[in-house]
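Whole structure, please, built from the sequences with the hints as guidance.
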Amino acid sequence: MDTFEPKIVAFCCNWCSYAGADLAGTSRMQYPPNIRIIRVMCSGRVNPSFVLKALSVGADGVLVLGCHPGDCHYLTGNYRTRRRMAITKKFLEYMGVEPERVQVSWCSASEGSRFAEVVSAVTDDLKQLSPNRLFND
Amino acid sequence: MKKIKKQNVAGLLEKWQKEFTVFVPSKASGVLQMAAWDGENLSFLERNRNTAIPPKANFLPTMQKMFGFRKEEGGYVLEPTDEDPPKQLLFGIHPCDARAISIIDMVFKDAYEDKYYLSRRQNTVLVGMACTSPYDNCFCTSLGFGPADATDVDIMLTDIGDSFLLEQVTDKGKGVLAGAKDLVEATQADEKKAKEVKESAKAAVSTKIDTKEISKRLPLVFDDKKFWEEIAAKCVSCGICTFLCPTCYCFDISDEMLRDGSGGARYRNWDCCSFAVYTKMPAENPREEKWRRVRQKVYHKYAFYPELFGVIGCTGCGRCIRQCPVNWDITQTLNSLPEGTAAKAEEKQKTS
Amino acid sequence: MTISDISHRKRFLAQGNVYLPHIAVIEKIIDETPTVKTFHFNFKDEKLRKEFTFESGQFGEYSILGVGEATFCISSSPTRLDPLECAVARVGKVTNALHRLGVGAEIGFRGPFGNSFPLDYMEGKNLVFVAGGIGLAPLRSLIWNVLDNRAKYGNVDIVYGARTPRDLCFKYDLEAWEKDSSVNMTTTVDREVPDWTGNVGFVPAVTEKVAPSAKNAVAIVCGPPIMIRFTFPVLEKLGFTPPQMITTLEKRMKCGIGKCGRCNIGEIYVCRDGPVFSYEEIRNFSSDEV
Amino acid sequence: MTEDLEQKLRDEVRTLLEKGKIEHVIGYGEGSLKFATTPIMISDQADVDRLVINPFIHNNLSVLLPEVSGKVAVVAKVCDARSIISLVQNKQVARENVFIIGVPCNGIVDVAKVEKLTGLDRDEIDAVTWKDDRLVVTFAGGSKEFSAPEVALDSCLDCDCSGFKEFDLVIGEITPVAANKELSRVRIKEMEAMTPAQRWEFWKNEFSRCIRCYACRQICPVCFCERCFVEETEPLWVSPLPRWQDNLIFQAVRMMHVAGRCTDCGECQRACPVNIPLGLLTGKMEDIVDELFDYRAGMDKDAAPLMAAYEPEEAEDLMR
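Protein chains in written order, with my numbering: chain A, 164 to 300; chain B, 906 to 1257; chain C, 619 to 908; chain D, 11 to 330.
These are computed hints drawn from the structure, not numbers from a lab. Hints may be right or wrong, so weigh each one.
A few chain A residues facing chain D, derived, Cβ under 7 Å [claimed, not checked]: (1) S190; (2) A249; (3) E261; (4) Q266; (5) V267.
25 Å max Cα-Cα, derived SDA-like pairs, lysine to any residue [stated by the list, open to error]: (6) C:K711 - B:Q969; (7) C:K711 - D:E244; (8) B:K1131 - D:G30; (9) C:K869 - B:S1038; (10) D:K199 - D:D59; (11) B:K1020 - C:I641; (12) B:K1117 - C:S905; (13) B:K1195 - D:E77; (14) B:K1020 - C:A823; (15) B:K1131 - B:P1243; (16) B:K976 - C:K869; (17) D:K214 - B:P966; (18) B:K1014 - C:R870; (19) B:K1014 - C:K869; (20) D:K126 - B:S1038; (21) D:K123 - B:S1038; (22) D:K101 - B:S1142; (23) B:K1185 - C:K711; (24) C:K662 - B:E988.
Take a look, some chain B residues computed to stay more than 12 Å from chain D by CB distance [claimed, not checked]: (25) K907; (26) K911; (27) K920; (28) S1105; (29) K1107; (30) K1121; (31) P1124; (32) E1212.
C-beta atoms are modelled at their ideal positions from N, C-alpha and C, and glycine is treated no differently.
What follows is the structure in structure tokens.
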């Protein structure tokens, strides 16, 4: 079977991780093309319904990328993300979604290389899993 | 009049399974509802208290595809769902549910025929079973029929101990019984026993409402906001009492698009007048307040439906009372309707 | 109020299944206001295109397949069947999708549904049309219907208003009716706006100023509910009796044929027994949820 | 024993109304269903005698609280009172407008469990009485006995009444009915022992029964959004059609939205007409919130809601 190319929806916060992704691009860093980036104004904007909507329409994994705790443009947005996404991860795991399918990480505007690392690491995680058939009939 | 031994009923069901999908009361799914017979379980022959989800779900499913559509280069192509649904036989349904089906037949036949509902109705045989153990909050006898009434079914079974008395009510009923073995002539004693069973079931229905008094008072108390606010105070506006009501038929229509946008389908699913969004328009919502929605539920069944179709839109099955999470009881509401002022009475006389 | 017998009503349903839409193609789109567009459309099926008829005041259920269905009146007159027109304000999911469509796109149409304006009752009488905002859409169908049979009717007064000059719909019709000598056209906007020379004031107030005579007259009112609620008393003051005042009511609708249950006022279903009612009928409704 | 509790409650409420300390009371009244009570709203003293306390005071009356304006007294068990405090924490209700009257749970019984254990419907059961710590269920043709944990509501099993200090008045003595933390987590542990695929299959089957009556949302006191995400069409997060996928997404997202507000009062499971074991979700959510953030909903009225607060260092192990 040829290797499975997971589709990953990445919510990137406008001020840090989106800029980090931009930097990774402009510095010609190589990272797997599996992610589809959705820009949000703050990682705190990501609602659990976003995660489940993404998984239900066929994403194999969801990655939420925010600023490092402490340097959020809105001061406390990523703290809320951390709480909400920690609960989302644990609860969805309890309902039967493999934990690797929902991942959260922090990446600042200057960390182009970290962005590339995180994306390839998440892509490798998901390649171990099978494609997302959770919501098939 | 014929009868059939209880142990031969399985054979009859197997005969019918050749031609129909046979639905029987079953708790296999975790809630008591009509479900396809698994070929073994016959517990409903001994104990057949009414289901939680009514048989209306076999005619107006919780979700039904109305038509699919595809986008071709020449434009849209519509694919209506099969106009001829699979034939089904509902075994063991109670007279209150059978009557409820006849009641909502009227709205689906009125003026424009609803093909989805009516085609399923034509392809269905209703085998009723006289209700011998009504719940404490059943009140069917107050609505002009009884727990053993056979008018709305094709075949009626009455439990007379070791066998069932079998009444062939309609030609459709006779038709499906043709060629059935194990049908023996019922004796006088059997028919007498069946009569006793029916009488005792009728007597067992303890809750009562006075429909004459209700239809007199309802038009007078429509504007009594204080009364309806008190009645509605504890309601939490969920959908249980309408979804589980055999005479509630409101539905919503919504579309879905396939992920690749190449086509999609239009569906119909259950809707409920307790939900505030039911009548919500961009600018306003005529029934925003909870008391208006509770009032609408009572009036639709006991005032508007009789005005439109000449029959009360309720069969006293008691599900809305049994399943309500706050124990809202329609019989208490109906039995506590205020008199309504005399002035209101003659004003009503003048206009109608 | 007994149920109006609808068997006589124009029911043009080619296929038997009343829920199946007929496919129609958008031929022209006019931007009436920043939020209202008029769509000119015609059926793809030739036979249907020729045979389809309706009466002013009837509505249709318009489908954007995959998005949903919504209720709009047919805003063109039955005397001019090619093309059919409907005016749509952008307020929700289906209307937004409709506003995104271009010429040549396909929509679904079910109908015509509902009753219609009582043309026979209006014959030989002076007519007063009072409309607000997009409320002119259903009346427009009736006005052109009347003007195309001008001899059958007496004087024609039109009072039409909107929030601002930009919100005035069907400006091309307003000009035509302005020029038509047999029509007394009054246009107004709610508040003073620079370089607007016409009347200023809410429609009910302007109607009172125009003061059309109630003798042998019929008033047809259509607009936002608040406008209707203030216009009826004004007309009553001018001597109009309830049977002489006609309006169309708006409700949330899904099936359009009195089955899905949500558009009721008491035992009346606005989609089946309306949407056109006289003020006489409305006053006798058993429910106040108008 | 319950008669004098009832009388004490009625007297206290009568004086509260007399002195004008409260304008309305939300309490339990005689139900028309057997072994059930029904929420009642009282404003004048004449109706005070309708208030009852018996083993069937199941409803969490705080769901009706936001709809009543003015000074309101609420008869509440501990889990209900915690829901009130949760509403206060979330600014839905002003603490000074609520007078919380604590009542003992008085041997509260899960009638659905009794029906299941005896195979009878509630109207076929004659009486349900406590004989010290055994429940005696009598019916035509005999009787059966059950221990407290067998017939207690799931939410009662993990009841922790200690540490709740927000009662304005307490009638009688508040003691847990059958607190047995271990037993309450048995089925949750069984779920955790399954593989992800088995767990998903379990919830897929449960939610294929759901008919979207929204009783779970409407009966939940802390599900107070004006417009629920399930009613949004632009964008459509979850379809209104009762397909198991969308039912599951609706419930999963609902549970995550009420995380930190839900006090595991068990009402959603009790209200569900198709018997979906929602208690397995609320119970687990309560554990997650407790384990990750050492937070218990509705205990302290001045504590910020879970999602409105944060610690500089927490849950980093779950982040990549």
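**OP:** State the violated hints by number, sorted upward, taking the hints as numbered earlier in the document.
**Re:** 1, 9, 10, 14, 16
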